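Q: Okay, here's what each chain looks like letter by letter:
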Amino acid sequence: MPFNGKSGKFNASINAVEVGCGEKALKIGGENVLPFYTFDAPIENSPKVGVMISDLGLEGEPAGVKAYYEGCTTMADIAKKAAAMPGADFVCLKLEGADPNGKDKSVEDCMAVVKEVVDAVDVPLVIAGCKNVAKDADLLTKASEVAQGKNAIILAAKEEDYKGIGAAAGLAYNQKVGAESAVDINLAKQLNVLISQLGVAPSNIVMNVGTATVGYGFEYVVSTMDRIKAAALSQDDKQLQMPIITPVADEAWNVKEAMASEEDMPEWGAQEARGVGMEVSTAASVLASGSNAVILKHPTSVATISKMIKELM
Amino acid sequence: MALKGLDIFKLTPKTNCKECGSPTCMAFSMKVAQGAVDISKCPHMSEEAMAALSEATAPPMKTIKVGTGDAEYTLGGETVLARHEKTFVSKPRFAVRVTPDMDVDAALAEANKVDYDRIGERMHAEMVYVECNGDAAAFVEAVKKVTGKGKTLVLACKDADAVKAALDVCKDEKPIVNGADASNYEKMVEIAKEAGVVLGVSGKDINELYDTTAAIEKLGYKELVLDTTGATIKETFATTVQVRRACLAKEPDRTFGYPSIVNLSKVAPDDEAMQIALASVFILKYGSIIVMDTMNYARGLALYGLRQNVYTDPQKPMKVEPGIYPLNGADENSVVLTTVDFALTYFVVSGELERSGVPCNLVISDAGGLSVLTAWAAGKLSSTSVAKFIKEEVEPKIKSRKLIIPGKVAVLKGDIEAKLEGWQVIVAPNEAVQLVKFLKDLQANGEI
Chain A
1 MPFNGKSGKF NASINAVEVG CGEKALKIGG ENVLPFYTFD APIENSPKVG
51 VMISDLGLEG EPAGVKAYYE GCTTMADIAK KAAAMPGADF VCLKLEGADP
101 NGKDKSVEDC MAVVKEVVDA VDVPLVIAGC KNVAKDADLL TKASEVAQGK
151 NAIILAAKEE DYKGIGAAAG LAYNQKVGAE SAVDINLAKQ LNVLISQLGV
201 APSNIVMNVG TATVGYGFEY VVSTMDRIKA AALSQDDKQL QMPIITPVAD
251 EAWNVKEAMA SEEDMPEWGA QEARGVGMEV STAASVLASG SNAVILKHPT
301 SVATISKMIK ELM
Chain B
1 MALKGLDIFK LTPKTNCKEC GSPTCMAFSM KVAQGAVDIS KCPHMSEEAM
51 AALSEATAPP MKTIKVGTGD AEYTLGGETV LARHEKTFVS KPRFAVRVTP
101 DMDVDAALAE ANKVDYDRIG ERMHAEMVYV ECNGDAAAFV EAVKKVTGKG
151 KTLVLACKDA DAVKAALDVC KDEKPIVNGA DASNYEKMVE IAKEAGVVLG
201 VSGKDINELY DTTAAIEKLG YKELVLDTTG ATIKETFATT VQVRRACLAK
251 EPDRTFGYPS IVNLSKVAPD DEAMQIALAS VFILKYGSII VMDTMNYARG
301 LALYGLRQNV YTDPQKPMKV EPGIYPLNGA DENSVVLTTV DFALTYFVVS
351 GELERSGVPC NLVISDAGGL SVLTAWAAGK LSSTSVAKFI KEEVEPKIKS
401 RKLIIPGKVA VLKGDIEAKL EGWQVIVAPN EAVQLVKFLK DLQANGEI
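Protein sequence lines, in the order shown, are assigned to chains A and B.
Counting in this note's numbering, the first sequence runs from 1 upward without gaps.
Counting in this note's numbering, the second sequence runs from 1 upward without gaps.
Isolated chain A (complex conformation) (with noise of 0.2 Å):
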């Protein structure tokens, strides 16, 4: 007697959101089954690999990012280059630039690079600020405008910036608004909710429901993003069907485990090495947890994670 199994499919499914313009522009979401769960019901869209570019260029980046950049000289060259890396299907400018406690850039410089890099690339692109919630209001809805025509995900309007950033992306020049919440799913719908009252059509928004890096509280986003999926598809609830992106170089390149050097650490071995494994493994673990897109740095996670995902479609 062969093995019975029941299928997981469910009647509700993800919504799929079109990011990008022309021949390039990309669907994620739209899947009625759980992440890789294709032994219940083919899943449409893949999950998507983004690689994220700063506005300060190369600075401080493990040599291994550094080579695969070298000669280059602009930030179109960088922007070009990172979407021409090896399993890359969009580009994540993060304008860290910005930040009052950093560089403090003026909005006018930091318009000046995504004009740029939008005039660069025919890839899907993401625009990230500062995560200053008061540079960011005035940053991204200028970036919004800016990168008109070329259906962008706005990374991120919060509970304290939605309006501004919402209705620019959302409303004004056609991008994607992404609603970025702190790892709670109570978080996460009420966000969607106001976003969605500000008139913004529920399939153009996408979630970053926020992540951690993996052993630092990583249980809080697995339980998080596993909850949202049984919500969206167990139980229909339209408020939590937006797909999810999660930018994971950030988190992931910043702990200790990432950024001890061989010197203070000799029994670690090589940093980068390091490094990597961090970003691979918390990318493996949000996309297992539900989410969509990720963005990373590093060519080899690019290039591990991408793999990986059409090994389990």
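Derived from the structure by calculation, the hints contain no laboratory data.
Because the structure is a prediction, the values reported are computed rather than measured.
Cβ coordinates follow ideal geometry from the N, Cα and C atoms, glycine included.
30 Å max Cα-Cα, derived DSSO-like pairs, lysine-lysine:
1. B:Lys218 - A:Lys6
2. A:Lys6 - B:Lys86
3. A:Lys66 - B:Lys437
Sample of chain A residues facing chain B (criterion: CB under 7 Å; computed from the structure):
4. Pro2
5. Gly215
6. Tyr216
7. Phe218
8. Val222
9. Glu257
10. Ala273
11. Val280
12. Ser281
13. Ala284
14. Ser285
15. Thr304
With chain A's structure known, arrange chain B on it following the hints.
A: Structure of chain B alone, referenced to chain A:
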């Protein structure tokens, strides 16, 4: 068929003798009803009651013990598919794969370099997966080299004679024999039964795995693990998930109620980054033994961190041991900082302190595993608790009399100073990320 706790309670002796490990018969009955413990744990059940209950209340997934002594591990016994539903109980174990044509001693020594403590848990590769390549004598030699090394062995071999010879060497260590399939299971069951070891079952696909497992159960052997490794990554994931889902379904299919073995060396050979990625997936989704090429820090720091996070009980906060943690080469004259024993707080704070490069002693007192504000609100972090810990544990060991307290409990400053004679209390910023600048400034100003 699900039985209610009350139905079970009626059949217990109701003496609250505690011999089962539960405080009362009622508590025991509720646990049995949830599938958390086996009915046989109660020594006073009548035989009729036992017979009536054991089938209906058997946990859907068996708990299998392998190895001996310090290297004894519990696999399986899970009751839920997602940790937020209750908790995961038996964490996956890592096995390092060796073959007879390798320098087995060197491979073992390499993997053993990773052996450290993370929040009270020892992190190392617990198992060795010895894979037979056809030469029985060489296989036995390899098994000899890993026997007595404090590892649980997995003998991956389908040749009955080779397995027998290997078991003669190592059966006292309770290894797993991963060798039964549709062609040889009768013989393998006999060998495993005789040696009293756990048997691993595999099949060319999920159906054959199912049929072979059912046939082995018919022979009366239930000390099993299921090798869910398929020909591809996709098939391995599909089989591993479906096996676990079947046994934890509402109508459990107990034929699949066993722990799993996932062999990443087979489906992603020689690809370290891919093995890390896949091991992460299988930590989350139902791998019980995860086999890899080796263990090193690039793999371990990520995978052990993930495993420790995911296998914590959601009802119990992760705690670090109270004590003094010297950082950046601190000595008895270095400044003292204090915070709570919530693991996340400890990791974030100690990470920032290390980044500052300033030598300091981080003092963790018992705050019930709560974060700073929660502990303060619950009365677990107070001027009394801090002062008591400093007096009893810190003063005898540390000469510095400068104490930095978390910014969120700045209100405690006055009380602590009043209770701790001779100490100067300094208030830190609210957020851990601000610590680096804060400490560097203090150092530059000569205040610490």
